[in-house]
Amino acid sequence: MAPLIVCEDLWKIYRIGDVEVQALRGINLTIERGEFVAVMGTSGSGKSTLMNLLGCLDQPTRGRYELDGLNVATAKPDLLAELRNRQIGFVFQSFNLIPRTSALENAQLPLFYRGLSIKEQRAQAAAALRRVGLAGREQHYPTQLSGGQQQRVAIARALVGAPSILFADEPTGNLDTSSSREIMSILEQLNREDGITIILVTHESDIAAYASRELVMKDGQIVQDVRRAPHLTVV
Amino acid sequence: MPAFILLTVMTALRILSRNRLRAGLTMLGIVIGVGAVIAMVSIGQGARASVQAQVASMGTNVIIIMPGSTTVSGVRGGQGGAVTLTVGDAAELKKRSPLLSDTGWAKRDVMQIVNGNRNWNGPVNGISPSYLTIRDWSFTSGGPFTHTDLERAARVALIGQTTLENLFDPGEEAIGATIRIKNVPFQVVGVLAPKGQSAQGSDQDDVIFIPFTTAERKVFGSQFLGSVGALFASTEQSADLPEAVDQIREVLRARHRLQGEQADDFTIRTQVDIGKVQESTSQTLTVMLFAIASVSLLVGGIGIMNILLVSVMERTREIGVRMAVGAKRLHILMQFLIEAVTLSLFGGLIGVVVGIVGARLTTVIAGWPTIISFDAIITAFVFSLAVGLFFGLYPANKAARLNPIEALRYE
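Respectively, the protein sequence lines represent chains A and B.
Using the numbering used here, read the first sequence as starting at 1400 and increasing by one per residue.
Using the numbering used here, read the second sequence as starting at 8 and increasing by one per residue.
Just so you know, the hints here were simulated from the structure itself, not pulled from any lab data.
Note that the structure is predicted; figures quoted are calculated from it, not measured.
Possibly wrong hints are sitting among the right ones.
Computed far set for chain A versus chain B, every beta-carbon distance over 10 Å [what the hints assert, rightly or not]: (1) N1451; (2) G1462; (3) Q1520.
Computed footprint of chain A on chain B; a stretch qualifies when at least three of its residues, placed anywhere within it, have a C-beta under 8 Å from a C-beta of chain A [said to hold, decoys possible]: (4) 9-19; (5) 319-332.
We put the CB at the ideal spot given by N, CA and C, even for glycine.
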């Protein structure tokens, strides 16, 4: 089967006033289905830009990006939205739950835009919440949940639509150690049991250790790409 | 899509209900605008209906012919000053103008009227019996006097409701009673049904009718027998009025021996003319009120736009999240448009209630007649919908065009 992600000579150049910023400088990258990739690097190394591109939130200045055989680099905004809806799940550092909206409704959101019936949306969202260990918290508002629980709602939202890739941008950045471990073990489970490809952006090596492949970025380029047996014993 | 719209409406309602005060203040402009439209149209229609009733109270298809002005050594008197119209003119008109179904005449003067120890000063009209039919007078008791009464100059009188109240005690029998007009005794033979205010605002029920001949010979004392205050005529069809007016002018000009260039020595007015004057007044009012209402709706719309722009700013991150999980531009656009329309429709709904209550209060407090117009309610409602759509479009479009990455990063 063809690889899930294929990037060839991917460039992203921003122009801020007269200054040209080369955020990505010729990225070549292939990611297979089921991989668990950690992207590391200092801030400003281009890892967030890469994730935005791979997550179809943004498009490259030049170069080729194929997601599941589809050329994303030149796709129209509505197609990008469709791709994000069906293929991609996001987990953010700051959870980004919709405020004053129940856990269930937050988890429903991708299905809402898929146009499913309300009944189906609810059933699938409830299943996703069960999956992340939040059964019984469906009606809780984000403010009634701890940071770890909020992030689990976010994971439920990311996986409710059965995406092929899950992007996690510093998912444990705002969490304490024990919550971080919980979140990482859920991600690990999703990768192992459901075969969801996970791309994790982090600058903490003990978090990156969950991944089976580690990319290190510097100045908009991948400077290191290591595959290894995942360090499952890290707790 | 139906699930999407339903859920979006529910979301909009919830978001609005979270900020009740803000939503209420935002809607206020629409509430006032719609309320004003409904109340004003109700008042306007009420006024128009009462004007129409007043004009109709004159009779049906009535033509009034007034004498022209006098000119004495270059000093012109007012309209009706001259005594150019006569009973003979009326007879001639009836004979020569086939469009006229009836002609009548009247002459009025204000006189002191006495009944026992009570007295009243009111207009006394000497009339032909036909005047009563032309002007559609009916009776609560008794009946009209006859042609015989006219020929004999009988001392009989018909009294209006106001006159009745002023001359007789409540419950006192007026029919058959003798009243004195300028010391001449008259027997009351009829009490007229009330007509209310005239189109000019005078009390039509403050009136006494006596036979024309009696009036000119025994009460008023005329310089020229047969000269009248005004001639009245009516046609079968209101469509005949303009042609009838032309016929009357022709007949009277011939009878008065007026040459080609000479001006008419009389003035002809029809019920339609009188109605038009009243209508144009109420139209001016309506236009003014509509202007106020539109300004109010405009301000309300800008209020909605303003609040929505704030809302888009506040919820930038939320919009980013929605886009990240797959919301298309259309979804975001619809979400904010539905919020705008929900606001304006709710405002419209409350406005309708406020308008109806306002109209009712106007009737109760000021005593103005009002008619709640279903059309106005629908129009106001549609307008508030349009205002919501129009003023919601800009903020909604702004939200839909946000860049997802920037929206997600927005602090």
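Each hint, compared with the structure:
1. N1451: violated (5 Å)
2. G1462: It holds; A/G1462 is separated from chain B by about 18 Å at its closest Cβ, greater than 10 Å.
3. Q1520: violated (8 Å)
4. 9-19: holds (count 4)
5. 319-332: Three-residue rule met by the stretch 319-332 of chain B, so holds; n is 8.
The structure does not agree with the numbered hints 1, 3 stated previously, though it agrees with the rest.
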